[in-house]
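S.K.: Okay, here's what each chain looks like letter by letter:
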Amino acid sequence: MIELSWTYFFQIVNILILYLVLRRYLYKPVNDFIARRREHTEGMLKEANESYARAKELQQQAEAQLNEARREAQALIEQAVETGKTMAAEIAERARTEEAARRERLEREMEEAKNRALQELRQEVASLSVKVAEKILEQNLSPKAHTQLIESALERMDDTYVN
Amino acid sequence: MEFEIKTAFYLGGIPVTETVVNTWIIMAVLIAFALAAARRFTTAAPEDDLGTFGLLTEMVVDGMNRFIGSTMGEKAAAFGPYISTLFSFLLLANLSGLVGFRPPTADLNTTLAFASISFLLIQGTALRSKGIVGYFKSFFEPMFFLFPLNIVGELATPISLSFRLFGNILGGMIIMSLLYQVIPILIPAPLHIYFDIFSGILQAFIFTMLTMVFISSAD
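These protein sequence lines are chains L and U, in that order. Per my numbering, the first sequence starts with residue 1, numbered consecutively. Per my numbering, the second sequence starts with residue 1001, numbered consecutively.
Simulated from the structure, these hints should not be mistaken for laboratory data. One or more of the hints may lead you astray.
[Stated by the list, open to error] Covered stretches of chain L, going by a simulated chain U footprint (3 or more residues, C-beta under 8 Å): (1) 5-11; (2) 16-25; (3) 86-92; (4) 108-121.
[Stated by the list, open to error] Some chain U residues well away from chain L (every beta-carbon gap over 10 Å; in silico): (5) L1035; (6) P1046; (7) E1058; (8) Y1082; (9) F1101; (10) L1108; (11) I1117; (12) V1133; (13) E1141; (14) G1153.
Think of the CB as a built atom: it goes at the ideal place given N, C-alpha and C, for glycine as much as any other residue.
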C-alpha cells in the first residue's frame, strides 16, 4: 500500500497508454471537429455579412435608379404638356388661317358668280331684244314706234337688272 | 490488515494487483466511451447533428479545453490532452469506490506514478524554457548555498501531490469501511456523498489543477 512495487510501473504505462488512446480517438477528433465547425461558422458569418452589405448596396442603387426614373418621368410629362399646348396653339392658328382663306375664296367666287350672271343676263337681254324687235317688225311697225319700243324696253330692263 | 492490496494474479512472475486490474477496468470504460464518441466526430460535417451523446461529449471535451486554456494559456494546446486524460482517470478512479471497487488512487504506487509524470512534465518545461544552462543555474538562485533547498523544493512537489491524493482517498476508504462494520445501513449513505463524491471530485481537481499550475509556472 505504502511500499513501492511493480504497480508503480504498471500505472505509469497504463496512464501513458490511456493518454495515447484518448488523444488519438477522443481529443483529436473532437477538437478537429470543433475547429472545423468554428471555421465553417465563421465562414458562414462572413458570407452573411458580405451578402448583407451587397444587398444594402443593391437596395441603394435601386432606390437611386427609381428616383432617377421618377425624375425622368416627370420631365417627360412636363415636356408632353408643353408640346400639347404648342400643338393646340398651332392647330388653332391654322384653323383660323384656313377659315379666313376659305371665306375670302367664297367671297371671290360669289363675286365671280354675280359678274357671270350679269354677263349672261346682258346676253339674254340682247337676244330677247332682238326677238322682240323681230316680233315688232313682223307687225310692221313704224320706225318711230320701233325705236320707242326698244328704248322703253331697254329702260325697263336697266331698271330691273342693273339696279 | 484488511486494507492491504490483494494480488490478483501473477504475470510471468510479476504480481498484478487489484489496483492494476481496477485501473484496466476504468481504462476500458474510458476507451469504450472514446471509441463510441469519436466515430461520429471523424465523419461529421460541420453542420451535422451530433445527437445527444455527441453533444454531451463535445461539451465535456470543450469544457475541459476551456478550463485548461484559462489556467495554462498558450501551453494548453500541448498539454491539454494529457491533463484531460489525467483528470478523467482520477475522477473515475476516485468515484469507483461508489460501486464497490478499491479505488486505484488508494494506492501510493498509482498516485506516485502520476505525480512522477507531472514532475517530469514540470522539469521538462523548465528545461525547455530556460535552456540547459539556465535550468541548472536556477537551482543556485538566489544564493548558491540554497541549492539543497531548491532540490528539496522540486522533489517536494511530486511527493506532496501523490501523498495528498493517496491519503485523502485511502482515509475516506478506511473511514467508510470502519463505519460499515458499526452501522451498515442508512448512515453510510450521506457519508459516501462526502468521502467519495465530494472528496473524490475535489482531490482529482486539486491534483490536475496543481499539475497545470506547476507546469505553467515552470517557465
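S.K.: Let me make sure I understand: some of the numbered hints might not hold for this structure. Which ones are they, in numerical order?
M.R.: Hints 3, 4, 5, 6, 7, 8, 10, 11 contradicted; others consistent.
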